[in-house]
Amino acid sequence: MGRLALGRLFAPLLLIVAAGAVRAEGIAVVGHESVPRLDAVTVQRIFTGRVVELNGVQITAVNLTRGSGLRGRFLASFVGQDEEKYVAYWTVRRFVGLGMPPAELASSAEVIQFVSRRPGAVGYVDASEVPPGVKVLLLK
Amino acid sequence: MKHRLLSLLAAACCAAPLPVLAVDYSVAGFGTLGYARSDSPYAYQRVIDSGGTFNRDSLFGVQLDASFTPQWSATLQARMSPSDHADKGWSPTLSWAFLTWRPDNDWRIRVGKLRMPAYLHSSNMDVAATFDFARLPAEVYWLSPTPDFTGASVIRDWSNRYGDFQLEAHWGRTDTYWRQYFRTSYLGFKPPGVYYLPIELEVKGLTFTYRDAEDVVKLSVMDARDRMQSGERWKVPTRVVPAPGVSYYDFIPGPGDVLYQHFRVFVVGADLGLWQGVRLQAEYAKRKSMEVPGGINSSGGYVSLRKPMGAWTPYVYYSKAKAAERDLEFYRQLDSSNLPASVDPSGFINAMQRSGADAFGVLDQHTWGVGTSYSVGVNAKLKAELARTRIGLGSNLMVDVPAGREPGNWGFNVLSLSYSFVF
Chain A
1 MGRLALGRLF
11 APLLLIVAAG
21 AVRAEGIAVV
31 GHESVPRLDA
41 VTVQRIFTGR
51 VVELNGVQIT
61 AVNLTRGSGL
71 RGRFLASFVG
81 QDEEKYVAYW
91 TVRRFVGLGM
101 PPAELASSAE
111 VIQFVSRRPG
121 AVGYVDASEV
131 PPGVKVLLLK
Chain B
1001 MKHRLLSLLA
1011 AACCAAPLPV
1021 LAVDYSVAGF
1031 GTLGYARSDS
1041 PYAYQRVIDS
1051 GGTFNRDSLF
1061 GVQLDASFTP
1071 QWSATLQARM
1081 SPSDHADKGW
1091 SPTLSWAFLT
1101 WRPDNDWRIR
1111 VGKLRMPAYL
1121 HSSNMDVAAT
1131 FDFARLPAEV
1141 YWLSPTPDFT
1151 GASVIRDWSN
1161 RYGDFQLEAH
1171 WGRTDTYWRQ
1181 YFRTSYLGFK
1191 PPGVYYLPIE
1201 LEVKGLTFTY
1211 RDAEDVVKLS
1221 VMDARDRMQS
1231 GERWKVPTRV
1241 VPAPGVSYYD
1251 FIPGPGDVLY
1261 QHFRVFVVGA
1271 DLGLWQGVRL
1281 QAEYAKRKSM
1291 EVPGGINSSG
1301 GYVSLRKPMG
1311 AWTPYVYYSK
1321 AKAAERDLEF
1331 YRQLDSSNLP
1341 ASVDPSGFIN
1351 AMQRSGADAF
1361 GVLDQHTWGV
1371 GTSYSVGVNA
1381 KLKAELARTR
1391 IGLGSNLMVD
1401 VPAGREPGNW
1411 GFNVLSLSYS
1421 FVF
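Top line first, the protein sequences correspond to chains A and B. Residue numbers for the first sequence, in this note's numbering: 1 to 140. Residue numbers for the second sequence, in this note's numbering: 1001 to 1423.
For the record, the hints were derived by calculation from the structure and aren't laboratory data. Take the hints with a grain of salt, since some may be wrong.
[To be verified] Listing some non-contacts, in silico: residues in chain B with all C-beta distances to chain A over 10 Å:
id, residue
1, 1073
2, 1080
3, 1089
4, 1098
[What the hints assert, rightly or not] So, partial list: chain B residues that the calculated Cβ filter (under 8 Å) puts toward chain A:
id, residue
5, 1104
6, 1378
7, 1419
[Said to hold, decoys possible] Cross-link-like lysine to aspartate or glutamate pairs, in silico, DMTMM-like; alpha carbons within 20 Å at most:
id, chain 1, residue 1, chain 2, residue 2
8, B, 1113, B, 1214
9, B, 1113, B, 1212
10, A, 140, A, 82
11, B, 1088, B, 1065
12, A, 85, B, 1271
13, B, 1307, A, 84
14, B, 1307, A, 82
15, A, 135, A, 33
16, B, 1113, B, 1087
17, B, 1204, B, 1148
18, B, 1190, B, 1271
19, A, 85, B, 1212
20, B, 1113, B, 1164
21, B, 1288, B, 1164
22, A, 85, B, 1214
23, B, 1190, B, 1232
24, B, 1113, B, 1200
25, A, 85, B, 1175
26, A, 85, A, 104
27, A, 85, B, 1200
28, B, 1190, B, 1250
Source: prediction; values computed, not measured. All C-beta atoms in this analysis are idealised placements derived from N, C-alpha and C, irrespective of residue type, glycine included.
All chains, full assembly: derive it from the sequences and hints.
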């Protein structure tokens, strides 16, 4: 077998190995099966309390706890606010009687579990942490 | 009104069945420890004088939010604060107690004890940690000091690429008090001092709000009427001319007196980002009495500039309140009445004119203020403000000037320090 033939044999193997090493990057907005796919504007409006229902499905959003790096990236990327502005926004909104901020969960695993079980639930995890079977509503 | 409220509540409940689900609830709280001191010996805004006081801005409150389903929720807010019907002492108040039905993203129907939505800070005026002023400008916020009512509101939201729009209609009633300060004996019946007149207020209004990522604009119109809880009628004074060149106003009950005092309030406000992070906030409120001439024919406004700089947000503002010129002239005539002895009984009539001036709420003042807030984390603010207020003809709605002292044409300074927090 010549060198060229050996190269042709190993090349596909190299490609397969390379593909396995590439993981999804970014933030995945995940949700229950009942929630339709979302656009960025709708995600922002869900996490700021202005959307609570989509196509007849009552939406329940969950955040990660304050201080989480992923939460900070999500707020910057999807809501357009930093942590301080987001907390201030919800403080005013709560004390003018317009509702409570989304509940907070401690880890991505808890978010996955919550959205898998609760109809209408929407949360977010690192794109690399989405297990099979969980619905991705938007990836950024 | 109580039966109508119950009917509304029943109808709202029947219109959308309430599934039995676990209740999500959350308790939050807020408070302010505020100290204010002026260099005036006379009480300003009930309690601020040269002795200093914690009883102007201090308060503590808690709020319970309960979510039964994504559509149904309830909110209770109670606070402990200086009494609204006495100058001394504190009293508990149930500020809010309402049920909300939100059938979809765009509609919200609330029934219960609510807050009138007219001003930019109507709903969060007690939560000082949510704004930078040490004290919301009294020249505007004092024009409608009764913010809460029992009734209903319907809110419609919609949005487009320009921003979010909201229209809120509200109606209801409340029992409240009108504070009056009499410099001298009121017609010989009551000793001089402070009196809180119990009144019933019925109100309905429409508020439009535009909001985008940075700016807010709000317009509000309210129609209200009030009556004395005692059933006594509001006096409509009549002018009497006992002799050429001599006149006075008669406050004795007469057939022209009215049971209800009808007035309208128009408010416009905006909070806008300008340049380099500077923000402009301004409001204007106009109150017009429809039947009884009174100091509540007033207008007030303020304009402020502030600039967040890290944890610091310095600000400066100018605010002004003034009764209508006709009402100021009426007050001046009453206050300066000096009938000659030839008009009998001049002593009694002059006293009646003074009492009429005191009962006639008038405003004529302006304030310059400079201050700053300092954010202690995301949940608390320290604030300091120095304000200079100048009284024009008189402002008996806000300043208790005793007999023998000039009610107007003087000024004073107020230093305010406070710590506000939420949790």
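Outcome of the hint check:
1. 1073: It is violated; residue 1073/B is separated from chain A by about 7 Å at its closest Cβ, not greater than 10 Å.
2. 1080: Correct as stated: the minimum Cβ-Cβ distance to chain A is 16 Å, above 10 Å.
3. 1089: 25 Å, holds
4. 1098: Not fine: 7 Å to the nearest Cβ puts residue 1098/B too close to chain A.
5. 1104: 5 Å, holds
6. 1378: Result: holds, 5 Å to nearest chain A Cβ.
7. 1419: Since chain A brings no Cβ nearer than about 16 Å to residue 1419/B, farther than 8 Å, the hint is violated.
8. 1113/B with 1214/B: Measuring from Cα to Cα gives roughly 30 Å; hence the hint is violated.
9. 1113/B with 1212/B: Violated. Residue 1113/B to residue 1212/B sits at ~28 Å, over the 20 Å cutoff.
10. 140/A with 82/A: 17 Å, holds
11. 1088/B with 1065/B: 31 Å, violated
12. 85/A with 1271/B: 16 Å, holds
13. 1307/B with 84/A: 16 Å, holds
14. 1307/B with 82/A: At roughly 18 Å apart (the allowed maximum being 20 Å), residue 82/A and residue 1307/B satisfy the hint.
15. 135/A with 33/A: 6 Å, holds
16. 1113/B with 1087/B: 24 Å, violated
17. 1204/B with 1148/B: 12 Å, holds
18. 1190/B with 1271/B: 45 Å, violated
19. 85/A with 1212/B: 14 Å, holds
20. 1113/B with 1164/B: Given that 20 Å is the threshold and the Cα spacing comes to 26 Å, the pair is violated.
21. 1288/B with 1164/B: 31 Å, violated
22. 85/A with 1214/B: 11 Å, holds
23. 1190/B with 1232/B: With a Cα-Cα distance of about 16 Å, the restraint between residue 1190/B and residue 1232/B holds, given a limit of 20 Å.
24. 1113/B with 1200/B: Distance ~15 Å between residue 1113/B and residue 1200/B Cα, so the pair holds.
25. 85/A with 1175/B: The given pair, whose Cα atoms are some 38 Å apart, is violated under the 20 Å limit.
26. 85/A with 104/A: OK: residue 85/A and residue 104/A at ~17 Å, within 20 Å.
27. 85/A with 1200/B: 40 Å, violated
28. 1190/B with 1250/B: 18 Å, holds
Checked against the numbered hints above, the structure breaks hints 1, 4, 7, 8, 9, 11, 16, 18, 20, 21, 25, 27 and satisfies the rest.
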